[in-house]
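Visitor: Given the coordinates of chain F, assemble chain S onto it according to the supplied hints.
Going down the list, the protein sequences come from chains F and S.
Numbering of the first sequence is given in our numbering, commencing with residue 1 and proceeding in unit increments.
Numbering of the second sequence is given in our numbering, commencing with residue 1 and proceeding in unit increments.
In short, the hints are calculated from the structure, not lab data.
Careful, some of the hints might be misleading.
[Claimed, not checked] In silico EDC-like links for lysine to aspartate or glutamate, alpha-carbon gap of 16 Å or less:
id, chain 1, residue 1, chain 2, residue 2
1, S, Lys-104, F, Glu-53
2, S, Lys-104, F, Glu-182
3, F, Lys-13, F, Asp-35
4, F, Lys-104, S, Glu-41
5, S, Lys-104, F, Glu-183
6, F, Lys-13, F, Glu-32
7, F, Lys-36, F, Glu-6
8, S, Lys-131, S, Glu-5
9, S, Lys-131, S, Glu-39
10, F, Lys-70, F, Glu-44
11, S, Lys-131, S, Asp-144
12, F, Lys-104, S, Asp-42
13, F, Lys-3, F, Glu-32
14, F, Lys-70, F, Asp-43
15, F, Lys-70, F, Glu-155
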Amino acid sequence: MNKKLELFLTFFKIGAFTFGGGYAMVPLIREELVDKKGWINNDEMLDMLAIAEATPGVIAVNSATFVGHKIGGFWGSFAASLGVVLPSFFVIILVALFFEDFLKIKVIADIFRGIRAGVTVLIFNAGLRFFKQIPKTAVNYFLIALAFGLSVFLEFRFLSLCLLVFGFVFGLIGQLLKTGREERE
Amino acid sequence: MIYLELFLVFFLVGLFTIGGGYAMIPMLQEQIVGRGWLEAEDLLNVFAISESTPGPFAVNTATFVGYDLGGVLGSAVATIGVVLPSFIIILIIARFIYNFLEYKSIRTGFETVKVIVVGLIFAVVLELILKNVFGDGFDLKSFDFVAFGIMVSVFFLKLVFKKLSAIKIIIISGILGLIFYGIFPL
Numbered sequence: 001m002n003k004k005l006e007l008f009l010t011f012f013k014i015g016a017f018t019f020g021g022g023y024a025m026v027p028l029i030r031e032e033l034v035d036k037k038g039w040i041n042n043d044e045m046l047d048m049l050a051i052a053e054a055t056p057g058v059i060a061v062n063s064a065t066f067v068g069h070k071i072g073g074f075w076g077s078f079a080a081s082l083g084v085v086l087p088s089f090f091v092i093i094l095v096a097l098f099f100e101d102f103l104k105i106k107v108i109a110d111i112f113r114g115i116r117a118g119v120t121v122l123i124f125n126a127g128l129r130f131f132k133q134i135p136k137t138a139v140n141y142f143l144i145a146l147a148f149g150l151s152v153f154l155e156f157r158f159l160s161l162c163l164l165v166f167g168f169v170f171g172l173i174g175q176l177l178k179t180g181r182e183e184r185e
Numbered sequence: 001m002i003y004l005e006l007f008l009v010f011f012l013v014g015l016f017t018i019g020g021g022y023a024m025i026p027m028l029q030e031q032i033v034g035r036g037w038l039e040a041e042d043l044l045n046v047f048a049i050s051e052s053t054p055g056p057f058a059v060n061t062a063t064f065v066g067y068d069l070g071g072v073l074g075s076a077v078a079t080i081g082v083v084l085p086s087f088i089i090i091l092i093i094a095r096f097i098y099n100f101l102e103y104k105s106i107r108t109g110f111e112t113v114k115v116i117v118v119g120l121i122f123a124v125v126l127e128l129i130l131k132n133v134f135g136d137g138f139d140l141k142s143f144d145f146v147a148f149g150i151m152v153s154v155f156f157l158k159l160v161f162k163k164l165s166a167i168k169i170i171i172i173s174g175i176l177g178l179i180f181y182g183i184f185p186l
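Pulled out of the complex, with its shape left as it was, chain F reads as follows:
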């Protein structure tokens, strides 16, 4: 079979059968890419996930682009990314077509009122999960408090964006200074 078509179909399957994206995809990625196709070995997969997680973007698409490039260059990336995105795209359009009318039914509206409370907890738990992953240093606590405080008290459409850019520059420069100091010593 054509490599690009194979990439497309494999990632289509990964996109169609994982809920939530990101880490939920890891078992299926391992099964499809490492065990069945042998496109990457286990170490390469771990590297790929480390890069996907440490760089901006959607983890699923990062992984697809990465494997696609390794197997089939630019068009391989393209085929794999398209594959991982398309199932979502079709399913969501189908849902979106009916959702607004659906919500007008009283029972459904009640259910979704409950669900919104549940989703709030999901978001809170995601915040806790991210918190557990970061080093517990005074600087990090300060940055969290700063981001929290500013976004609670300021109303500005690009505030999050500015804070994220600030975080990147802050971390980058901090690390450069630290490395420079260590080299001098």
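Guide: For chain S alone, kept in the frame of chain F given last:
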């Protein structure tokens, strides 16, 4: 023009999402509710649907919001926008920066972005809790005990049953909503 705006907003969201779907919620909230595209409640509905349908959370959300604002073309534009930064960045890394993981300063930069995300998410959560419980104002009389109760019970359920998946949490809170808003309203 709505299509260009959709593309740019989701491109920015994709570009500044590090570490997975939920990291993009603060920016989505700011951009989508801030621009008056959706109400905060609608966006929560979208998150619920994105979490309970197959595929990456970020792509699902982009497709849904895009469809709401600009039909199928809107979906396509928003989805391409959210995906493109991933695609470009990973291609650059795969092609030119084989040893990306050794660039400590860039990695620390991205790590620090994740620290900021924690603060931003907790701010969004605070806002959402207030919104669920009090609605748009801060009137104590409109305190929504059901929403409060669902949040507390689902939180503790997840604490006790660590394996409880997001979809199950959504189903449970939906059932609780059906019972306490619909069948036996408090």
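Visitor: Which numbered hints turn out to be false for this structure?
Guide: 8, 15
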